[in-house]
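Novice: Given the coordinates of chain A, work out where chain B should sit on it, guided by the hints.
Line order of the protein sequences matches chains A and B.
Mapping the first sequence onto our numbering, position 209 (from 1) lands on 209, and the numbers just tick up by one.
Heads up: take any position in the second sequence, counting from 1, add 311, and you land on our numbering.
Calculated directly from the structure, the hints in this document are not laboratory data.
Computed from a predicted structure; not experimentally measured.
Possibly wrong hints are sitting among the right ones.
Straight-line Cα separation of at most 20 Å, PhoX-like style, residue types lysine-lysine; simulated pairs [as the list claims (entries may be wrong)]:
1) B:K513 / B:K355
2) B:K656 / B:K513
3) B:K401 / A:K60
4) B:K656 / A:K98
5) B:K378 / A:K60
6) B:K355 / B:K611
7) B:K401 / B:K467
8) A:K60 / B:K380
9) B:K508 / B:K656
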Amino acid sequence: MTTKTDVTNNELPPYRKREALNRWIISLPALSIIMLAAIGPILIMLLYSFMVKGDYGGVKLWEFSFDGWINVFFQRDIFDETLGLADAHLTIFWRSLKLSILTTLAALAFGLPTAYFIATRPKHTREIWVFLITIPFWANLLIRTFAIQEVIRNEGIINNTLLAIGIIDSPIQMLYTDGAILFGMVYVYLPLMVLPLYASIEKLDFRLVEAGYDLYATRLKVLRRIILPMIKPGMIAGCILVFIPSLGAYVTPRLLGGGKNMMLGNLIESQFGAGRNWPLGSAISITLMLLVMFALIFYVRNATRSGANHG
Amino acid sequence: MKKCKLLTTAVALALSTGISTAHAEGELNIFNWGDYTSPEMIEKFEKAYDVKVTITDFDSNDTALTKIKAGGHGFDIVVPSANYVPIFVKEGLLLEARPDLMENFKNVDEQWVNVPWDQGRKYTVPWLWGLTGVVVDTSVYDGDINTSSIFLDPPKELIGKVNVAPEKNDVMYAAIRYMGGEWCTTDKEVLKKVRDKLVEAKEKWIAMDYGTIEKFASRDYAAAYYWNGAAMRAREKNVDVRLGYPKEGFPFFMDSVGIIKDAKNVENAKLFMNFIMDPENAAMISEFAKYSNGIKGSEKFMSEELRNAPELSVPDEYKAAGGFLDSCSPETSNLYTRIWTDINK
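Isolated chain A (complex conformation) (with noise of 0.2 Å):
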């Protein structure tokens, strides 16, 4: 890739200008789809977050309320009718979040030596690694999950080597768990996560990396002096893009962890059918999508901050 396209620079020569505005006239096609097909359904469902329920899905429209917003943070209690906080939502709020969490350190920490792997390699076979990374692309999601419950539910492959070697006696209880949930979570992400990693590690210069070493730098200052600082953008990226789409994750909680704690990929879902309280479920998108908004702020700033280290 070259870096002829990297402008910043304020004062453009004309015909620069000109391809500036050539640029925009290219993407304006995609800036109306964008348009159409993401902001406009947004504010659809800002608009409807505000309506009265309709008593079989959808809203009654032009009727408002803040029902919708109220009780994705309150609810009344179902027996005394006294108004508390909305502990059902809350907790599955706090359920999702906590995964994200975790399953974005858990990329971090199995991805960073990968990534590294990768761009330490000579560089014709570079190439080959990174296309490795992308292989789990080529299969639907939904058929991996599956794949994985193989692997690990009772007489599943794990299991049964485990018997047959006679390290355990009777099966461990795999599938259905948190643990399950997390290990297919970050199954699924760390793809996501090695490739910006990588792409930042590949533009670190070694020579500074020798240089720490020849000012007796040792192993682990070298990596938290130079080397994390300059990958600290692709790092963050990584997580970003971990982080969000874990937020709203749907299939691998449901199939893993056996459905019986909701995520609110599910609680979304399920307000939207069987709960047929569509403001309900608009109110708790915009909530997702404002957590993640906030997300994304905190990497641009923090990115900002960073990329003016060493531009």
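Specialist: Frame of chain A; chain B shown alone:
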């Protein structure tokens, strides 16, 4: 109401594109539960009327309702459960197709004609019916299985091995009856007991998921609260599996075929309605999904295994414990949803 969500959806989508006749004159688009439509029966219909049938799966009544309400779906036929038929009618989504005037209507079993959800069958015809009961691997637990305590107060052999279908209505029904209430009750005292019981019981379950048949075969589950047809299919793969009829109360279901009001192929849809009221064709539907149909004389065309399956004939002593899942008022339904969310948190 046979469902085995995600996997079968994927498989059925792949299969349904394969079902096609080369020079079909008309079309018919059926919106039905996943893994529920006999391909042989469809093929026979396609040949008989030179119609190309396309089947699309849904996984819950609410999904079907939402999609059809939204419009632009292109479906001609939908197969909602009994408690949803009145909602479809009330929302003006079903055509008054008058199947009661069709040629094969004489085959419909009398007990399924004057049903509360469609008096005299002016909108829908029976597809299949069954019940939600407890399914137990008797090699793990050999006590009394005709009770909801299998999943609401699991015996110690079954703790951590119970799967419960994630169906709000079916689960609430059994729990309300178990705690001594009636379906659609708004008695807060009973409902509080129901909530507490379900919260307590859930700790002892392993999962709340669809796709139970193969999990009994692999012995990942030792008990379940699930549908009788699935219980039969599980028994075929694991000889120790038995269906119990909870004496405290269990829900019956019947799914019925209706024509959607804005259907494009109304004539073909009516042909299909008439077609499935033919005993031989109804038997094919049952044979595939392992549920009973509502058509007299279809037993003659069924295999011996199906005809004699214990899962498909409720013993007389338990018949009274069963009840239909009527649609409750929107307020009651809303209350149940809140309890359900509370349980699932």
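Novice: Work down the list of hints and note, for each, if the structure agrees.
Specialist: Here's how the hints hold up against the structure:
The straight-line distance between the Cα atoms of K513 of chain B and K355 of chain B is roughly 45 Å, outside the 20 Å bound, and the hint therefore fails. Proximity of K656 of chain B to K513 of chain B is assessed by CA-CA distance (about 11 Å); at most 20 Å being required, the pair is judged to hold. Restraint check: the Cα-Cα separation between K401 of chain B and K60 of chain A comes to about 16 Å, which is no more than 20 Å; the hinted pair holds. Taken as a hint, the K656 of chain B and K98 of chain A pair is honoured in the structure, with Cα atoms around 14 Å apart against an allowance of 20 Å.
Distance check on the hinted pair: K378 of chain B and K60 of chain A sit about 17 Å apart at the alpha-carbon level, within 20 Å; holds. Of the pairs offered as hints, the one joining K355 of chain B and K611 of chain B holds, with about 18 Å between alpha carbons and a cut-off of 20 Å not exceeded. For the hint linking K401 of chain B to K467 of chain B, the alpha-carbon distance of about 46 Å lies beyond 20 Å, and the restraint is violated. As the CA atoms of K60 of chain A and K380 of chain B are separated by approximately 14 Å, the hinted pair is consistent with the 20 Å bound.
Only pairs whose Cα atoms come within 20 Å are accepted, and K508 of chain B paired with K656 of chain B is accepted, the gap being roughly 15 Å.
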